[in-house]
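**Q** Protein chains in written order, with the working numbering: chain E, 1 to 345; chain H, 1 to 345; chain A, 1 to 345; chain W, 1 to 345.
Quick caveat, the hints were computed from the structure, so don't treat them as lab data. Careful: at least some of the hints might be erroneous.
As the list claims (entries may be wrong) - Computed Cβ-Cβ distance ranges for the label pairs, DEER-style:
#1 Asn207/H with Asn193/E: 28 to 34 Å
#2 Asp258/E with Ser64/W: 31 to 37 Å
#3 Leu190/E with Tyr206/H: 31 to 37 Å
#4 Asn189/H with Asp258/E: 25 to 31 Å
#5 Thr67/W with Arg267/E: 32 to 38 Å
#6 Tyr206/H with Asp258/E: 17 to 23 Å
#7 Gln119/W with Tyr206/H: 41 to 47 Å
#8 Asp258/E with Asn95/H: 49 to 55 Å
#9 Lys25/W with Gly173/H: 57 to 63 Å
#10 Thr39/E with Thr67/W: 50 to 56 Å
#11 Arg267/E with Thr172/H: 31 to 37 Å
#12 Gly173/H with Asp258/E: 22 to 28 Å
#13 Lys72/E with Lys143/W: 42 to 48 Å
In this text, all values refer to a predicted model and were calculated from it rather than measured experimentally. For glycine and all other residues, C-beta sits at the position ideal for the given N, C-alpha and C.
4 protein chains.
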Amino acid sequence: MKAAIIGASGYTGQILLRLLENHPKIKTVIPVSSTKAGTPVTDTDAAIGKPMKKTAETDYRYVSVQTATEMKPDVVFAALPHLKSAEVCAPFFDNAVVIDLSADFRIKDRNVFKEAYGQEPPRPDLLDRAVFGLVEVYKKEIKKASLIANPGCYPTCTTLPLYPILKKFKHTGPIVVNALSGISGAGKNLKENLMYCQRDENCGAYNPGKLHRHTQEIEQELNKARCGTDIFFTPHLVPLKRGMAVTSFVSFKKELTDEMIESTLNRFYKNSPFINIVGNGRIPETADVLGSNRCDIGWRIFGKQVIFMSVIDNLMKGASGQAVQNMNVRFGFKETAGLNIFGEL
Amino acid sequence: MKAAIIGASGYTGQILLRLLENHPKIKTVIPVSSTKAGTPVTDTDAAIGKPMKKTAETDYRYVSVQTATEMKPDVVFAALPHLKSAEVCAPFFDNAVVIDLSADFRIKDRNVFKEAYGQEPPRPDLLDRAVFGLVEVYKKEIKKASLIANPGCYPTCTTLPLYPILKKFKHTGPIVVNALSGISGAGKNLKENLMYCQRDENCGAYNPGKLHRHTQEIEQELNKARCGTDIFFTPHLVPLKRGMAVTSFVSFKKELTDEMIESTLNRFYKNSPFINIVGNGRIPETADVLGSNRCDIGWRIFGKQVIFMSVIDNLMKGASGQAVQNMNVRFGFKETAGLNIFGEL
Amino acid sequence: MKAAIIGASGYTGQILLRLLENHPKIKTVIPVSSTKAGTPVTDTDAAIGKPMKKTAETDYRYVSVQTATEMKPDVVFAALPHLKSAEVCAPFFDNAVVIDLSADFRIKDRNVFKEAYGQEPPRPDLLDRAVFGLVEVYKKEIKKASLIANPGCYPTCTTLPLYPILKKFKHTGPIVVNALSGISGAGKNLKENLMYCQRDENCGAYNPGKLHRHTQEIEQELNKARCGTDIFFTPHLVPLKRGMAVTSFVSFKKELTDEMIESTLNRFYKNSPFINIVGNGRIPETADVLGSNRCDIGWRIFGKQVIFMSVIDNLMKGASGQAVQNMNVRFGFKETAGLNIFGEL
Amino acid sequence: MKAAIIGASGYTGQILLRLLENHPKIKTVIPVSSTKAGTPVTDTDAAIGKPMKKTAETDYRYVSVQTATEMKPDVVFAALPHLKSAEVCAPFFDNAVVIDLSADFRIKDRNVFKEAYGQEPPRPDLLDRAVFGLVEVYKKEIKKASLIANPGCYPTCTTLPLYPILKKFKHTGPIVVNALSGISGAGKNLKENLMYCQRDENCGAYNPGKLHRHTQEIEQELNKARCGTDIFFTPHLVPLKRGMAVTSFVSFKKELTDEMIESTLNRFYKNSPFINIVGNGRIPETADVLGSNRCDIGWRIFGKQVIFMSVIDNLMKGASGQAVQNMNVRFGFKETAGLNIFGEL
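Model the full structure from these sequences, guided by the hints.
**A** Here you go:
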């Protein structure tokens, strides 16, 4: 198997490089970067340190998209900014399985996409072909997909606890979601508000309510579980490099019990190795899943109201790890191949 | 004026030491610590560095409560754990103005107190005398108080944006509050989950929903604004030393406008120098108010739903700064005396 | 007194704004920024929150250098990049006391300056006039100075423990200095290696040995104490916003005792309120002096070898605080006016 | 292969659990903790999340030393405090290869040990048997060892750059070593100075010069390279969880060139997959090797003086990773088996 990573010098691309180098089924990795083509990968990614064996075919260097096309990868990971990805990936759509980490193919409704991203989806002709790559929900579809829209980190961490529950139990009123994200979620952008001295010892909300683009993605997915959801989603930046914690408030029509929630989630996720239901016990923390592709889910019940807490590593289950999980499922590999279930210390 | 600080070696006590040393109206500061009596203050609080002049009367050392009693302070700040404070302060109740930073006198309803703290309030006989020390709301009562219950950090940061609004505009359904707090909010306790390696690069919720003791305090205050509030309050620990951000979701019966919210808050807080209404502009971040006694308040409107965002420094407006503000008001000093309006860099 | 701050939107300029607003002898503050002239200061410095009274004359806005000139400040603080400062300050040299926080006037030897900064000093004609603003050493000269070259943070923290000792006791062989600095020392520059995700959970040396520009400044000053010093200075970036710790290794010709070092420093610094000699006791840490203009000095003796440890807040004693201290001395104010001796918690 | 980890709930034990679970040659892992015997491992190590397969034989629980003895492990990792390890490991010395991460067997000279640890080595009878487990230097001896004294993190990071150079080139005068360490190096101890609020935004030296116990270990090893070394070693705590950076200053008798250093290191480490010589290029930073067992080595030359900079992950190459590397070499596995060469992002 040959895998290309387009945008291999961004955070998600860098993680993909590491995951694929250690992946038992990948023989060749093609690191693609239009701005860095020709440069040794170790020059811009000092943590790699020594040349990665699987990049030998490109002489351990970034190559251009053109070169990558000629190398005929079986699977292409696109780790590119929204609204740019679809175009750059064009040469691969008919020759490889494309796993796109941007938002370009995530939202099915063109008007909703426009509302979220300010313009038409770049390739509306491919929206039908694209499968939403939340493995725990769409495994069947992913197995046959040629284009997989890897979900955003916020939608992943929000949808996983809520989807099976909302599908089964009627809720009422708005769902109020608050999320905490590490700074790497903002990507490797030279912006003043991402400087060390701006974010260290600082935290706060941004794009609250309906303003974050991920709200539409969350609503799309949860609406499949239950019509009429109304999500108020407020993300917060907190001073950590990686990690995401989501706290979701739902009012149900009737009182739920721990057993009802636990058995519903257990049943839905019985074949999902990366879901860890901690229930009414420990409250999940982001460090629990650091470096892991796991999502830990807990909750507390207050009469008809339930507060769900879920955590992921935004760069793993929230991005690159999930992309590899999608590849594993798509190509019939073991779902956990090359991925950690256990968090680091 | 003589001021005693009981519990002067904890975080809030240490901040009080600094604030009072720089306060224009205080001549003598009595640092009290039962475990450290006799020790020079600089020995246990290296950041002080050089002896503070106002502690000359105690030879720059901690003294016992007994000694402090004999020195006849005019004002006593009690920076002690909940359920211990009332007892330790007993010798001062009739001879000094006591400003208690614990929860012992905050909750008026004995059953609600018991629910929150697991036992009867330690001095129910004094509950009538105690004034809830949220200056912006109870200034009139504070001016005459001999016992001031300094509010908790979470109730302060949650109540300030919501109180005037809920008083004026009818809301419906539950109010969902999510809070982020720096680690100093947990006090100087040797607990494993407060170790550097546990909290660095980690965040998550704790005591969600109705489980945090501050929920009762918030409900008590907001109920004065509007009967029937139902608060779901979820605090989160985030890796910073100081700072608190609160995000509150409220559904109103009718649509509000920015102008309605802004004018309501402006009117209510027109004499409140520490309230900074940033409105529909910048979203407040905790670093904006670091070291300051300010509370910054912003919001975003989504039809009938409004998301309020407020930030404080948990050790200043959330504890020691507010205690000094209470003293200022009680003794007729300038409300801002000895307190910063401006945040550090 | 009127004070202008040129470059008021950088880190050191922002700190100066706060220090001067609280300074008892300053009536008017003129915030100067060529790129932000006309903008309200609170728009770009959210932590200020409410308009600062002393900026009323500029309508609480940044003004241009031209406007500042017309306002005839008595003292001008230049918080500008090296090699730009001298030029921008030109209109003020004959009409105000200029306290320059850049390196433009620090190094007396033109060749040494060129070696460090790659070009001739921008105003060699003023080098004679400029006084090196290390108050603890040059107080007499500063009292009469019209141009004060505020020392760099590394030279300040390195020179203070060593200068009196090297003056008195003969050393031998190279002096090996290692310094740890918070990230704000690098200024508010949009560089990739200053992004949160690059510096969080990361540390390392940079410009080791003779490569950092501050080495020349340190050597200039220590050479005044004792000819022939040979300094090897290695700075390290560590993940904190503010703070600097310096560890210096010196071999002396004969064995020193704690008493010899202590009495030498005590004598030299007997009129220096910001020097805190902790000696052979506590080892100073940067948090001890956070927000303070203090320098704490400790040491350990091993035969003829001594290791000195000193800490400052790089933005206070290492920059803006020292600049205010220079103003205080120059204008005959109390040396500590408007400055904290005590560190924050 | 069966591996036991004694002290499996400390930081180094927790890392060993993860490394061995993913190690291709280990079939069974026995997690030993005297205080937690009987408790499921996931209860005290939330990041594991799901039961680790290789701990099935102990029912995924910690067991006592007694139980571990009965299970007859082939290799025993002792991750215990100094002065306790030798005693607890007693039952295994004759039946298993013991890799001891404490200092109990590192120092050969009983007087030097006493000087460093305040008492006689606990098992002087075994000192001859113990091999110092710095694989890059003692590979031959390790291959036959039954007791391996895994080196400390400071000695590892200091010795690796210096050993081959001091062996080849004559130096003169003292070697001055400054080290920066993440907080996990202090172990999982409930001490006030390891609390989040004490270490966040703080840094400073501790045990400078000759005071840190690791100095003796460093001197022992470097003395093998070259008699008469005199090391002044000053460690500093910096606010990161994991990571270690060492900056070493050496004066040589003659001028060295980059080529001389580079070829000497290349030759000495030609079979050492975890040594990454970055030379006179990039200066190594701790994040480069986070999660990796690599040591990156750089330097800068100033006439006869050279400053060496080396970085490791203190929990990997500085502890648990090196322990696994020792096992790999001892049992004839691939040296890199189960270990990362590449650092995390």
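**Q** Evaluate each hint against the coordinates.
**A** Hints, one by one, checked against the model:
The hint said 28 to 34 Å for the Cβ distance between Asn207/H and Asn193/E, and at roughly 31 Å that hint holds. Evaluation of the 31 to 37 Å hint for Asp258/E and Ser64/W yields a pass: the beta carbon distance comes to about 33 Å. Distance hint check: the CB atoms of Leu190/E and Tyr206/H are about 35 Å apart, consistent with the given range 31 to 37 Å. With their beta carbons about 30 Å apart, Asn189/H and Asp258/E fall inside the hinted range of 25 to 31 Å.
Distance hint check for Thr67/W and Arg267/E: the Cβ-Cβ separation is about 36 Å, which falls inside the suggested range of 32 to 38 Å. In this structure, Tyr206/H and Asp258/E meet the distance hint of 17 to 23 Å, their C-beta atoms being roughly 18 Å apart. Checking the proposed 41 to 47 Å range against Gln119/W and Tyr206/H shows it holds: the Cβ atoms sit about 42 Å from each other. A hinted range of 49 to 55 Å holds for the C-beta pair Asp258/E and Asn95/H, which are about 52 Å apart.
A C-beta distance of roughly 59 Å is found between Lys25/W and Gly173/H, which places it inside the suggested range of 57 to 63 Å. At roughly 54 Å, the beta-carbon separation of Thr39/E and Thr67/W lies within the given 50 to 56 Å, and the hint holds. Between Arg267/E and Thr172/H the CB atoms are about 35 Å apart, so this pair conforms to the stated range of 31 to 37 Å. Checking the proposed 22 to 28 Å range against Gly173/H and Asp258/E shows it holds: the Cβ atoms sit about 24 Å from each other.
Here the CB-CB span from Lys72/E to Lys143/W is close to 45 Å, well matched to the stated 42 to 48 Å.
Violation of the numbered hints given earlier is absent; every hint is satisfied by the structure.
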